[in-house]
Each structure stands twice: as C-alpha cells, then as structure tokens.
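J.: The primary structure of each chain is shown beneath.
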Amino acid sequence: MSTDRKARIATVSLAGCFGCHMAILDMDERLIDLMARVEFDRSPLNDLKRFTGRCDIGIVEGGCCNEENVHTLQEFRRNCDVLVALGQCAIMGGLPAMRNAIMHSDDPLRDCLDEAYLSSPYTRNLTNTVPNDPVLPLLLDRVYPCSEVVEIDLQIPGCAPSGDIIHDTLIALLDGKFRGFERTELRFD
Amino acid sequence: MSGDSFTFTIDGVEVTATPGQTIMEAADAAGIYIPRLCDVEGLRHQGGCRVCTVKASGRSAAACTQPAAPDLVVDNETDHLNTMRRHLVEMLFQEGNHLCPVCEASGNCELQAMAYRLEMVEPFRFPGLEPCRPVDASHPDIALDTNRCISCGRCIRASADVDGKGIFGYVGRGIHRRVAVNGSDLAHTDADINDHAVSRQVCPVGCIIRKREGFSIPIGEREYDHGLIGDEGDSE
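Protein chains in written order, with this note's numbering: chain A, 1 to 189; chain B, 1 to 236.
Quick caveat, the hints were computed from the structure, so don't treat them as lab data.
Keep in mind the model is a prediction, meaning the values are calculated, not measured.
One thing to keep in mind: the hints can contain errors.
Just a few of them, taken from the derived set where beta-carbon distance is under 8 Å, the chain A residues facing chain B [to be verified]:
#	residue
1	Cys159
2	Gly163
3	Asp164
4	His167
5	Phe188
The beta carbon of each residue, even a glycine, is placed where N, CA and C say it ideally should be.
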C-alpha cells in the first residue's frame with residue numbers, strides 16, 4: 001500500500017449538539033499539521049453528504065434518537081475501518097437520554113412530546129398536535145448509545161472532549177499506537 | 001506507638017497498626033490510599049460498596065471493615081482488584097441515571113472520580129437499568145435527586161450518628177433497596193441545611209443537592225478536576 005496516501009476521516013453528528021464537532025476545532029493550529037496527514041470525507045465540516053469511498057476513521061457524535069440516526073450510524077459502520085464514538089451522547093446517550101427516564105412516567109416519549117408541543121404553558125401551537133409529517137424521521141422509543149446499535153471500536157469521553165484528547169487519540173490512531181487514555185485526562189463533563 | 005502495635009504489609013510496604021484498627025484505618029494513617037465510596041472520615045464503617053475490596057492474605061475482604069492483623073499480607077493496587085473495582089463502579093453507573101454532563105455535582109462527584117481513577121472508558125458491559133426515580137425538591141434549602149443515589153448510606157449514618165435525627169433510612173430489599181426519608185417528603189422531616197448529613201462531604205454523588213450552591217465553583221475548577229481521587233493523600 002502506498003505510504004503517502006492520506007488517511008480518510010468521516011464525521012457525523014447524530015443526536016448531539018455539535019459541541020463535539022466544535023471540540024474538534026479546539027485542536028486549533030494543530031489542525032494544520034493534522035490536515036497534512038488526513039483528508040475529510042463525509043462530514044458536516046465540508047458539507048459532503050455521502051461517502052465518496054472507504055474511510056479509515058469514522059467519528060460519531062451523538063446517540064441514536066430516530067431511525068435516520070440508526071441508518072446513518074449503520075452506514076458509518078459499513079464504510080469506516082475504525083469507528084470512534086466522540087463524547088458522552090455517543091457513549092451513553094447524554095442529554096437526549098434524559099427522555100428515557102422521565103419521572104413517574106410509563107410512556108416517557110409521549111410525555112416528552114406532550115410537554116414540548118401541547119401541555120407546556122409556554123407552548124404556542126395553533127394546530128394543537130404533535131408534528132407528524134411523513135418526512136420527519138420516526139423517533140425511537142428511547143435514545144440509544146451508539147454501542148447498542150453497532151460495534152464501536154473506541155470511545156472518547158467528555159462533554160465535550162477536549163481538543164487535546166481528540167488530537168492525541170487521532171494521532172495515536174494514525175500512528176497505529178493507540179494504547180488507551182491517560183486516566184488523568186478522563187472527563188465525563 | 002503503643003506497646004501492642006503490630007505490623008503488616010500493603011503491596012509490600014510495611015504498615016503499623018494497633019489492635020482494633022481496620023486495614024483501611026491503618027492504610028490511611030500510613031498515607032496509603034485504598035479506593036472507597038461508602039466509607040468516609042467521621043462516620044462508622046459500613047462495608048457496603050465493596051470498592052475497597054483488598055486481598056488479605058489471599059482472601060477478598062472489605063478493607064473498611066476487616067480488622068488489621070499481625071503479618072497480614074494485603075494486596076491493594078493490583079490489576080485484578082482494580083478491574084473488579086471498575087466493574088463495581090460500572091454497575092453503580094448502570095443501576096442509576098448518572099448523566100455527568102447534566103449533573104451539578106460533576107467534578108465534585110466521588111463516583112465519577114472513582115471512574116476516572118479506575119479508567120472506566122470501554123463500552124459498558126452491563127445494560128443500563130434507567131430507573132424512573134422521583135426528585136424531591138419540597139424542602140426550601142435541600143433537594144434530593146434519587147436517580148443519582150448509589151445507596152452508600154453515608155447520609156443515613158451521618159443523620160443518625162452525628163445529627164441524631166435519623167432523617168434518612170433504607171427501605172426495600174435487594175435490587176429494590178433504596179434510601180428514603182423519614183416522612184412524606186423532605187419538607188416533612190426536620191432536615192436542616194446545617195445538618196452534617198446534607199453537608200458536601202457526605203453525599204458522594206449529586207443526590208443530596210444544596211440549593212443555590214450548585215455552580216458556585218465552575219465546571220473545570222472542582223475538586224477532582226485537578227487530580228485523581230486518592231492522590232491528595234500521597235502528597236501529604
């Protein structure tokens with residue numbers, strides 16, 4: 001295999017807030033050195049919507065809250081050699097997973113939608129219905145961490161992970177020398 | 001040292017103890033850290049969380065309750081024990097709703113700090129139970145978010161033994177065992193913000209919330225943002 005081929009990285013934000021993608025930019029000027037070694041395939045950073053080829057590393061932000069997220073995540077698994085879950089939402093559901101366990105509710109998703117669109121005193125919803133247009137992706141019963149949907153190779157913790165831990169992990173992966181995280185660098189917040 | 005003190009070893013280091021001291025008490029006195037969650041200075045030992053499990057001459061024992069004995073050979077920082085401790089901490093995470101990004105205790109939380117120390121990063125082995133537990137915000141100064149409770153019982157012991165009130169207690173059996181308040185809700189107990197049981201050092205997680213104090217120290221500048229739990233003791 002040619003050694004001067006740039007590694008190909010794809011990224012996506014599923015049920016996340018794009019904070020982890022902002023954290024990728026927190027690598028600051030180290031991005032310039034990184035870009036000498038990698039090129040981005042499908043990613044919101046370059047607005048490519050589809051894979052143009054097989055990727056070495058796929059970076060996933062956010063868990064799965066709807067069927068489109070599941071479809072996208074499965075596509076990433078099919079097209080990426082190493083799949084990385086970036087941040088707490090991808091790892092354990094994060095903030096969106098708060099809807100999995102709403103107090104005293106047997107039907108948390110229904111209660112969540114009712115609160116958002118119908119019953120909250122701050123809601124102005126003239127149709128008084130929960131949006132149900134067919135183009136809207138179907139919501140899942142609960143928010144799933146990525147590892148419950150596909151096989152995940154590596155999880156980078158943090159909300160959002162620091163630019164340092166993302167940079168160090170990516171460089172270690174590119175060098176084929178990833179040996180785990182320094183425990184002093186671990187953060188779940 | 002009193003005349004009847006004796007020695008034993010922890011990870012090969014000779015430690016002096018007096019009769020009646022537990023392994024953990026002797027270790028703390030010698031500046032050796034043994035991970036723990038349900039044990040905290042100033043409260044009687046419970047031996048509940050088992051994170052302090054050590055090998056005492058080959059047998060697993062909770063260091064906080066197991067008495068030290070002459071010539072005991074204690075293993076503490078071994079891969080095997082730390083892996084087992086990590087599994088215990090993982091199970092505590094999976095039993096409750098521990099969403100660090102939305103918890104105001106993040107950075108001050110001993111459970112989270114223990115996860116850092118024990119390098120809990122892999123995909124979880126165990127399915128999350130995601131229980132639906134109530135939040136009790138009835139008291140004007142204190143709130144309870146029992147989604148984060150790990151049933152360590154520190155508040156129970158602090159309230160009963162130090163405050164002499166018995167505001168908290170265990171209810172239920174087995175997996176259903178929970179910490180509950182002695183009243184219809186917290187406002188109907190004689191809980192007070194100055195109680196030892198609701199002080200910051202008693203609840204290891206973000207279950208007992210002192211209202212209007214949560215973010216007085218910003219995320220990133222909190223107790224365990226500066227170093228691993230237990231490493232403070234090493235520098236003393």
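J.: Hint by hint, where does the structure go against what was stated? Just the numbers, ascending.
T.: 2, 3, 4
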